[in-house]
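So the sequences go chain by chain: S and U. For reference, each letter of the first sequence is one residue, going 1 to 276 in our numbering. For reference, each letter of the second sequence is one residue, going 1 to 293 in our numbering.
Don't take each hint at face value.
Label-pair restraints from in silico Cβ distances [said to hold, decoys possible]:
#  : chain 1 : residue 1 : chain 2 : residue 2 : range
1  : S       : 168       : U       : 245       : 30 to 38 angstroms
2  : U       : 90        : S       : 166       : 51 to 59 angstroms
3  : S       : 173       : U       : 216       : 38 to 46 angstroms
4  : S       : 35        : U       : 155       : 45 to 53 angstroms
5  : S       : 109       : U       : 90        : 50 to 58 angstroms
6  : U       : 178       : S       : 92        : 46 to 54 angstroms
7  : S       : 97        : U       : 68        : 41 to 49 angstroms
8  : S       : 168       : U       : 104       : 47 to 55 angstroms
9  : S       : 102       : U       : 31        : 29 to 37 angstroms
10 : U       : 235       : S       : 9         : 41 to 49 angstroms
11 : U       : 27        : S       : 142       : 31 to 39 angstroms
12 : U       : 216       : S       : 109       : 34 to 42 angstroms
13 : U       : 155       : S       : 2         : 54 to 62 angstroms
In silico lysine to aspartate or glutamate, DMTMM-like type, Cα no more than 20 angstroms apart, as pairs [said to hold, decoys possible]:
#  : chain 1 : residue 1 : chain 2 : residue 2
14 : U       : 163       : S       : 140
15 : S       : 102       : U       : 156
16 : U       : 170       : S       : 166
17 : S       : 152       : U       : 167
18 : S       : 102       : U       : 154
19 : U       : 163       : S       : 143
20 : S       : 152       : U       : 47
21 : U       : 147       : S       : 88
22 : S       : 222       : S       : 167
23 : U       : 149       : S       : 76
24 : U       : 163       : S       : 167
25 : U       : 163       : S       : 166
26 : U       : 24        : U       : 47
27 : U       : 170       : S       : 167
28 : S       : 3         : S       : 88
29 : U       : 163       : U       : 173
30 : S       : 102       : S       : 88
31 : S       : 152       : U       : 236
32 : S       : 222       : S       : 6
33 : S       : 152       : U       : 166
34 : S       : 222       : S       : 49
35 : U       : 32        : U       : 173
36 : U       : 170       : S       : 143
37 : U       : 218       : U       : 80
Calculated from the structure, these hints are not laboratory results. Yeah, the Cβ is synthetic: ideal placement off N, Cα and C, and Gly gets one too.
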Amino acid sequence: MNKILEVRDLSKLYGPGCPQCLELTGPQADTNLCPSCGTVVAMHGVSFDLHEGEILGVMGESGSGKSTVVKSLCFDLAPSSGSAVFYDGAEPFDLFSLNAAKQRWLRNHRFGTVYQDPRQGLNFNITAGGNIAERLLMSDVADYGAIRMRAKELLARMEVLLSRVDDLPRNFSGGMRQRVQIAKALATRPPLLFLDEVTSGLDLSVQARILDLILEIQQELKTAMVVITHDLGVIRLLTDRALVMKYGRIIESGLTDQILEDPQHAFTQRLVASAL
Amino acid sequence: MSQAPGKPAADIYNFGFLDEYAKKEVRRAILKAIAIPGYQVPYASREMPMGRGYGTGGLQLTLSLVGPGEVVKVIDQGSDDSVNAVSMREFIEMTCPGTTTTTVTAEASLIQSRHRIPELPLTSEQVLVLQVPYSDPLVEIEAYEAKRKTMHGEGDYSRLLVKLYEDIVKFDEITISNRYPTRINGHYVIDPSPIPRWDVPKLNQSQALILFGAGREKKIYAVPPHTPTEPLAFSDVPFRVEDFRQADGSRRPCARCGARDSFLDEFISDSGATVHQCSDSDWCQARLEGSEA
Numbered sequence: 001m002n003k004i005l006e007v008r009d010l011s012k013l014y015g016p017g018c019p020q021c022l023e024l025t026g027p028q029a030d031t032n033l034c035p036s037c038g039t040v041v042a043m044h045g046v047s048f049d050l051h052e053g054e055i056l057g058v059m060g061e062s063g064s065g066k067s068t069v070v071k072s073l074c075f076d077l078a079p080s081s082g083s084a085v086f087y088d089g090a091e092p093f094d095l096f097s098l099n100a101a102k103q104r105w106l107r108n109h110r111f112g113t114v115y116q117d118p119r120q121g122l123n124f125n126i127t128a129g130g131n132i133a134e135r136l137l138m139s140d141v142a143d144y145g146a147i148r149m150r151a152k153e154l155l156a157r158m159e160v161l162l163s164r165v166d167d168l169p170r171n172f173s174g175g176m177r178q179r180v181q182i183a184k185a186l187a188t189r190p191p192l193l194f195l196d197e198v199t200s201g202l203d204l205s206v207q208a209r210i211l212d213l214i215l216e217i218q219q220e221l222k223t224a225m226v227v228i229t230h231d232l233g234v235i236r237l238l239t240d241r242a243l244v245m246k247y248g249r250i251i252e253s254g255l256t257d258q259i260l261e262d263p264q265h266a267f268t269q270r271l272v273a274s275a276l
Numbered sequence: 001m002s003q004a005p006g007k008p009a010a011d012i013y014n015f016g017f018l019d020e021y022a023k024k025e026v027r028r029a030i031l032k033a034i035a036i037p038g039y040q041v042p043y044a045s046r047e048m049p050m051g052r053g054y055g056t057g058g059l060q061l062t063l064s065l066v067g068p069g070e071v072v073k074v075i076d077q078g079s080d081d082s083v084n085a086v087s088m089r090e091f092i093e094m095t096c097p098g099t100t101t102t103t104v105t106a107e108a109s110l111i112q113s114r115h116r117i118p119e120l121p122l123t124s125e126q127v128l129v130l131q132v133p134y135s136d137p138l139v140e141i142e143a144y145e146a147k148r149k150t151m152h153g154e155g156d157y158s159r160l161l162v163k164l165y166e167d168i169v170k171f172d173e174i175t176i177s178n179r180y181p182t183r184i185n186g187h188y189v190i191d192p193s194p195i196p197r198w199d200v201p202k203l204n205q206s207q208a209l210i211l212f213g214a215g216r217e218k219k220i221y222a223v224p225p226h227t228p229t230e231p232l233a234f235s236d237v238p239f240r241v242e243d244f245r246q247a248d249g250s251r252r253p254c255a256r257c258g259a260r261d262s263f264l265d266e267f268i269s270d271s272g273a274t275v276h277q278c279s280d281s282d283w284c285q286a287r288l289e290g291s292e293a
């Protein structure tokens, strides 16, 4: 399998920073707030590789920095240091040295992002079909019939009734909004998809169906995915490999089964034990 | 406007009402607008002796361009006889000694218009100034100007096209009747002022320089002569102009001159009947005089 994403030493600090910041924060210090200068070390030294068609899970408690990783990779946040290379076929893109226009192009054409809150991913003032059309129009598809057909195809694939294609997402249930959001993210067939807590706040049966759909999509399209969650069930069902984060650092990484069956770090052991 | 007793207007006002510095700034903005077709050039819109929204942007362009010997025509929704058009013509006559005004499109060298482009094809000797209430076509979909500038810079008009998509979904056709978003020279999309769809094709490869002035929004932009322009549309749902079809499918004629190739205004006559008549009063009059001759 070819590598699609290579992340090295990604860091994000909120505050002035001081020479002691990194020493005085982290899992050992049991805080990510520097007592010396008040800087919040949201993420430090995050490195991982992602291959084509692979699903990588990032788990951890609230405030552990897992969303910061995804926000940095989809250009919502500028990292303080580190690098990330996205391989689009044979062409490498050094994500953080690209200009803003190229970053937006990548985000609109080659990346898909599904947020926990559908309001971030969907425009509630336009129809479900219009939301998908927006993404296709960004990719210079200029044929109304083709756009309409693709929107219907995607919504049908995500099990949204075709009679609702021209309804506003604000009139949809939470699960349906998430399915429309996933359909929108997949409209341009991106090779890389970021899923940030996509099933949080949904009831268990809806969660299960959405996770099944994500798996089916991954098997059909071979889309690489980074799945952010604090739910070990999601990690177990979806991911091949996983990272565990605490206070902005990766404390454990490896195959998902290995991490869940035989956790090495005390925090991961507690996390796994508490979920059982 | 009152005049000091015993003094001619020329002694009271600077030529063209605006001070020389203001005119120079507007001319520089015009040059930049011509150099970058469709780009909205900001400028320091001056207070004028009329309220914002009455054509202050267009008037500032006109007063910056006008010189002795110029022949100026002012159109208000196709008509030369409305209060606004007459008042502006009088103002230009008063503050620009040596210029003359006309209602005949062919005679004019500088035409200021609100909401219409004349039916008579303009020549390379003419300049058309359009009054613009809202300069940015993206304002309806993006509230922040900084983001709009980025979208213009990157030519990202996908959200404007989504509006057209939603129109077709709801009404089976694009229902924008005026201010139709139009791409200039393959990049910037402009709000061509509230001209009807009928007038949008006249922007394409126009012989005349077309300038847009938004006084309230403090923006100037231009469609230079011989510039390709293209209304936003889908490849399978093309742009179309008003067809003025009657119930029997034939094209409605002008009730006054009988023209079947002009933009028509609809109004209720004194007798209560619905009447359609050429919107461009000079075009209508010229056809009448031509047929009488």
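Now for the hints, and whether the structure bears them out:
Checked against the hint of 30 to 38 angstroms, the pair residue 168(S) and residue 245(U) passes, with Cβ atoms roughly 33 angstroms apart. For the pair residue 90(U) and residue 166(S), the beta carbons lie near 53 angstroms from each other, so the given range of 51 to 59 angstroms is met. Distance hint check for residue 173(S) and residue 216(U): the Cβ-Cβ separation is about 44 angstroms, which falls inside the suggested range of 38 to 46 angstroms. Checked against the hint of 45 to 53 angstroms, the pair residue 35(S) and residue 155(U) passes, with Cβ atoms roughly 49 angstroms apart.
The hinted range of 50 to 58 angstroms is satisfied by residue 109(S) and residue 90(U), whose Cβ atoms lie roughly 56 angstroms apart. The hint said 46 to 54 angstroms for the Cβ distance between residue 178(U) and residue 92(S), and at roughly 48 angstroms that hint holds. Taken as a hint, the range 41 to 49 angstroms is violated for the pair residue 97(S) and residue 68(U), whose Cβ atoms sit roughly 58 angstroms apart. Checked against the hint of 47 to 55 angstroms, the C-beta distance between residue 168(S) and residue 104(U) comes to roughly 52 angstroms, which is consistent with it.
One distance hint, 29 to 37 angstroms for the beta-carbon pair residue 102(S) and residue 31(U), holds here, with the actual separation near 31 angstroms. With their beta carbons about 46 angstroms apart, residue 235(U) and residue 9(S) fall inside the hinted range of 41 to 49 angstroms. The hint said 31 to 39 angstroms for the Cβ distance between residue 27(U) and residue 142(S), and at roughly 38 angstroms that hint holds. Separation of residue 216(U) from residue 109(S) is about 37 angstroms and conforms to the stated range, judged on CB atoms against 34 to 42 angstroms.
Look at residue 155(U) against residue 2(S): about 32 angstroms separates their beta carbons, and that is not inside 54 to 62 angstroms. Taking the CA atoms of residue 163(U) and residue 140(S), the gap is about 15 angstroms. The hint holds against a cut of 20 angstroms. About 13 angstroms separates the Cα atoms of residue 102(S) and residue 156(U), which keeps this hinted pair within 20 angstroms; it holds. For the suggested pair residue 170(U) and residue 166(S), the alpha carbons sit about 8 angstroms apart, so the restraint of at most 20 angstroms is met.
Of the pairs offered as hints, the one joining residue 152(S) and residue 167(U) holds, with about 17 angstroms between alpha carbons and a cut-off of 20 angstroms not exceeded. With a C-alpha separation of about 10 angstroms, the suggested pair residue 102(S) and residue 154(U) falls inside the 20 angstroms cut-off, and the hint holds. A C-alpha spacing of about 14 angstroms is found between residue 163(U) and residue 143(S), which places the hinted pair at or below 20 angstroms, so the restraint holds. Between residue 152(S) and residue 47(U) the alpha-carbon distance is near 53 angstroms, which puts this suggested pair outside the 20 angstroms criterion.
Restraint check for residue 147(U) and residue 88(S): not satisfied, since their Cα atoms lie roughly 27 angstroms apart, outside the 20 angstroms limit. Of the pairs offered as hints, the one joining residue 222(S) and residue 167(S) is violated, with about 30 angstroms between alpha carbons and a cut-off of 20 angstroms exceeded. For the hint pairing residue 149(U) with residue 76(S), the CA-to-CA distance comes to about 19 angstroms; that is within 20 angstroms, so the pair holds. Note on residue 163(U) and residue 167(S): the hinted pairing holds, with a Cα-Cα distance of about 15 angstroms set against a maximum of 20 angstroms.
Restraint check for residue 163(U) and residue 166(S): the C-alpha separation of about 13 angstroms stays at or below 20 angstroms, so the hint holds. Between residue 24(U) and residue 47(U), the direct Cα distance comes to roughly 16 angstroms. Compliance with the 20 angstroms bound is thereby established for this hinted pair. Restraint check: the Cα-Cα separation between residue 170(U) and residue 167(S) comes to about 11 angstroms, which is no more than 20 angstroms; the hinted pair holds. Of the pairs offered as hints, the one joining residue 3(S) and residue 88(S) holds, with about 9 angstroms between alpha carbons and a cut-off of 20 angstroms not exceeded.
Note on residue 163(U) and residue 173(U): the hinted pairing holds, with a Cα-Cα distance of about 11 angstroms set against a maximum of 20 angstroms. A C-alpha spacing of about 13 angstroms is found between residue 102(S) and residue 88(S), which places the hinted pair at or below 20 angstroms, so the restraint holds. Of the pairs offered as hints, the one joining residue 152(S) and residue 236(U) holds, with about 18 angstroms between alpha carbons and a cut-off of 20 angstroms not exceeded. The straight-line distance between the Cα atoms of residue 222(S) and residue 6(S) is roughly 18 angstroms, inside the 20 angstroms bound, and the hint therefore holds.
At roughly 14 angstroms between alpha-carbon atoms, residue 152(S) and residue 166(U) fall within 20 angstroms of each other, so this suggested pair holds. Distance hint between residue 222(S) and residue 49(S) is fulfilled; the C-alpha atoms sit about 16 angstroms from each other, no more than 20 angstroms. Between residue 32(U) and residue 173(U) the CA atoms are separated by roughly 36 angstroms; this puts the pair beyond 20 angstroms, and the hint is violated. Pair hint residue 170(U) plus residue 143(S) holds up; C-alpha atoms about 17 angstroms apart against a cutoff of 20 angstroms.
Taking the CA atoms of residue 218(U) and residue 80(U), the gap is near 26 angstroms; set against the 20 angstroms cutoff, the hint is violated.
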